[in-house]
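Chemist: Chains A and B, in that order, are what the protein sequence lines are.
Quick note, the numbering used here runs 5 ahead of the 1-based positions in the first sequence.
Quick note, the numbering used here runs 11 ahead of the 1-based positions in the second sequence.
Since the hints were made in silico from the structure, they are not lab data.
None of these values were measured; they are calculated from a predicted model.
Careful: at least some of the hints might be erroneous.
If you want the footprint, here are the derived chain B segments under chain A, 3+ residues with CB under 8 Å [claimed, not checked]:
(1) 116–122
(2) 221–228
(3) 413–427
Note that CB positions come from ideal geometry on N, CA and C, so glycine has one too.
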Amino acid sequence: MQTPVSMDIRENKAYVESVCADCVDIIRQEVHFGEGQKTEGLLVFVEVTASNVLLQESVMGRLFARLDGLTPEALTTVLKENRMGVSRSKQPATMEEAMTGMLTGDMILFVDGYDRAIQLADKGYPGKPVGNCEAEKVIRGSSEGFSDSVKTNEALVRKRIRSTGMKVLELQQGLRSNTTIAILYMEELVDPSFLEQLQNGLEKYVIDGLFDGGTLEQLLEKDWISPFPQFQSTQRPDRTAMELLDGRVAVLCDNSPTALLFPAGFSSYLRVSEDRYNRFELVTFERLLRYGAMLAALLISGLYLSVINFHTQILPTSLLLSLAEARSGVPFPALVEVLIMEISFEMIREAGVRMPGPLSGTIGIVGGLIIGDAAVSANLVSPMSVIVVAFSALSSFAVPDEELSAALRLVKYPFILLGGFLGLAGIAGGLYLLGLHLCGLESFGVPYLRISKPKTQESNDRVWRAPLRFLRYRPYYVSRDQAIRLREKDEKTGGSKENGRKNRTMQKRSQGGRS
Amino acid sequence: MRREHHLQPYTYLGIAEGFFLLLTSQIPAFGGTSGAIGVALATVCMCVLQRLWENRTEESGEKARGELAAGVMIVWLLAVFAAVLWLLSKVTADWVLEGMDWRFALALYLFFLLLGVGRRSAVWRRFVYISWKWLAVIFTGLLVMSARQIDLSYAGLLLEVDIRHVAQAMLVYLGLNWYVLMLGNPSNRGRRRWPGEKEWLYLALGVIQIAFCLLLTLVYGASGTAYRKWPTVSLLQGLSLPGKFIERLDVFWVAALIFSGFLALGLILGKVDELLGSLHLPRLTEEARRIKDVAALIILAATVLIYGYSCVEAQNRSYALAMCVDWQDDEYKVWFLETVPEGGSGEGGGKSSGGQGESGGSQDGSGGSQTVSEDGKSAEDQEECYAGAAFQEVLDEFARSNEHYLDLGHVKVVVLDDTLLSNRPAAEPFFAELAALWRMDENSFVYQCKDVRELAEADLGDSSLGDYLSGIYENQQGQTREPLKLRELLTSWENKRYDKSIPEVTLQAGRPCLK
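Same shape as in the complex, but just chain A:
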């Protein structure tokens, strides 16, 4: 049951006082304006979200100046016809709407004798300004990253796609946090079923607070047991814009600098925004490195154990003897040794992430010294294990997506156990199970591992990235009439060559028909 905004300012005041009791940060300010300052009003706002209203530069100050001297009838007309001289305003009809508007950082003005509230945006909540994107650094391309404000983030994407074809929907999620969620998509390119599934997913749960897209991600994922992410996250507006043009949907969450993109595919986690800006040879080479790093991060420790424990014949005798001699005197079995090293590395990593900036470097040095030097000197671990674990860690850092990298770090442990206990047979079994799992994963109905189909992006933009002029197609889930992303211009018609060719064929056919 909603409470309508009353014509009587006293009723509105009573409502506000009752819901905002003991909220000292919410300012309730009585104001007077109009002819002879006789019209009574109530201004409600969160303390830091508004400029000083007495200043003429502020939105509310200017509004008061405009309303000054108006008779109550004229004042009502000005408000009704929205002649306030304010670019962005809303007029909520219920008290609940008005309060929600106030809590999103706007100012609310109740006017005696007017049955609507006036919602005006001022400076809003304090937030991080648009800065460099630290999480996804690139050498070429924009360095701009998302900020904490959903509105700013929407604008950053809109700045890159200046078309009304990009639609932005906003909704509130979180029973108590009332967080704004923005859904961005290209109307012509998106598969409507994605939006439908998102809508259904959002309606499925009622949550009290939503502070980051990560919470939303976990609630919307179909296969929630899998360690592999089914949404792609990015902090880059250019990447988001690029993905929207591929028919994907972006979800922005207020107070979070991360956009969630879906549907996600395995190969999309190994792409970076730079891949479109650089030449195809370099991009292909870098992708090969990333795929190699991904495999190394996943398998290298398990393979090391397989070789050292079961399949020694693979290595040349001299190398094997070096390895064996390095292991002599180490009190732990190789499996335990590798596990200890891997867990130590994770601890160092975790400590480095959580420690304040100046100390995190120290953690690296201390960890490196203790693990890399002291442990080897004390014969607790062999130097080869240190090399293997370090290489595995280095490989996991070369995977561009942090969430995929984290998933690989987790999945690595079963491979260590399989390699240590069952050698390459165990690794083959593990790969079979992993392949089966990944083949069964879907992100919004789109398979995680996609099959190459002709005339789709999947055919030439995975490990191998074709030269840009041949990257003509969008992913296969984009409707076929919008499948072409890039086409050559026809010099005669000015349109695309393919369209020109089609027109000429049509003309010929019609001429032939006539003759």
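On the provided structure of chain A, position chain B as indicated by the hints.
Modeler: Frame of chain A; chain B shown alone:
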């Protein structure tokens, strides 16, 4: 009436090949002509069953017949599943994991496969589409690399090839063959281009198999394959890469084979699941599948842990670099000129892991040891002579009297005494045992010598006999004589060709010298 898809015959062939593979490779009576008849019968049988199933109508008699046919097909497929699983477990126990009981491998694989049960057929198809290209590349690479082992003198024996060996060749392509099972039942029916992708795939598989059969004969001769338990896998043993980075590749290939075997078995289960669905029999619900997965995972983990850490780690092995064999007093006398990793004998003796090859007692088997080098690394050389009526007895004798596990994967040189070579009844079983010993490197060089004992006990200073005699060939720029590899010698003897010239080595001024 249901429309039969034109690809359906390939399904029959796929299943028939499974039948052919299993029966002809394991039951001698099914070799040769009877094997071919077996395939034909299997194909006809499957055609009839499939036709009964697909042509069923709602008329009660036909419906019952169709359902009965589907039931028989399910039983058939499960029987093939059991047999392929058995085959894979045997290969694993014989070839991949030293000392593993094949029954344990079978149990392990069963749990791996149990984890895959209940997936939708779309998942299996995706898995097949994604993995078959990679496996095809791996197996075709194997074919190309194996071609280096061809001995054209066996070309004349091509017509004498036993059909059983064809089945052995198919072992490698097990997974690929079974792809047809899934590809032959496309979910989207309708008009298709013929020949399409699937037909070409099947044709390519056929060509690869025929090429492989020819290759097997050209490498091992017609009767040479009969000596080997798994001739196809033995073929992989002879592969080598130029340079000294990786000594043996066979384990990788066998791991790929195990992976494709898993896939084949999974596909059979997927097909059975489809048939069960068509018969409206109860299938696993999502919840039941989840419970099954968790249970299988727990059992798998528990089985692996209970089985224990059964390998012998690299530092607890002694690596035989040369092997000298003599025949005296109706016994084989074998000297293993081995290298133990530095520090391994002193400290490693007490901590050698359990499992096959672990020494029963703690006797010091390093009598008469001296320091030699393996690529500049000091190590111990042991010149104990071990005797036995069979080679396995010699190995058992070694295991009983040494703290280290004897690793024959790095034998570079085999020196055979003239006495042994001149005594065919003694040499032939010895060679048969060597051929069955997968750990033995078949690329090692073979020499003959008049007095093996003298050579084995010669003091070569800083060098080992293995390094010395393999280095003799590697260091010659204008090489006048081709080295003889163990595989070539074994194959020629298996084909009753005793004319292979074996390089002779003599001891001159205390140093081995090629005659």
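Chemist: Compare the structure with each hint and give your call.
Modeler: Hint by hint, here is what the structure shows:
Counting residues of the segment 116–122 of chain B whose CB lies closer than 8 Å to any CB of chain A gives 3, so the stated coverage by that chain holds, three being the minimum. Under a criterion of three residues with beta carbons nearer than 8 Å to beta carbons of chain A, the stated coverage of the segment 221–228 of chain B fails, only 0 such residues being counted. As drawn, the segment 413–427 of chain B meets chain A at 4 residues by the rule of a beta-carbon pair under 8 Å; at three or more, the given contact holds.
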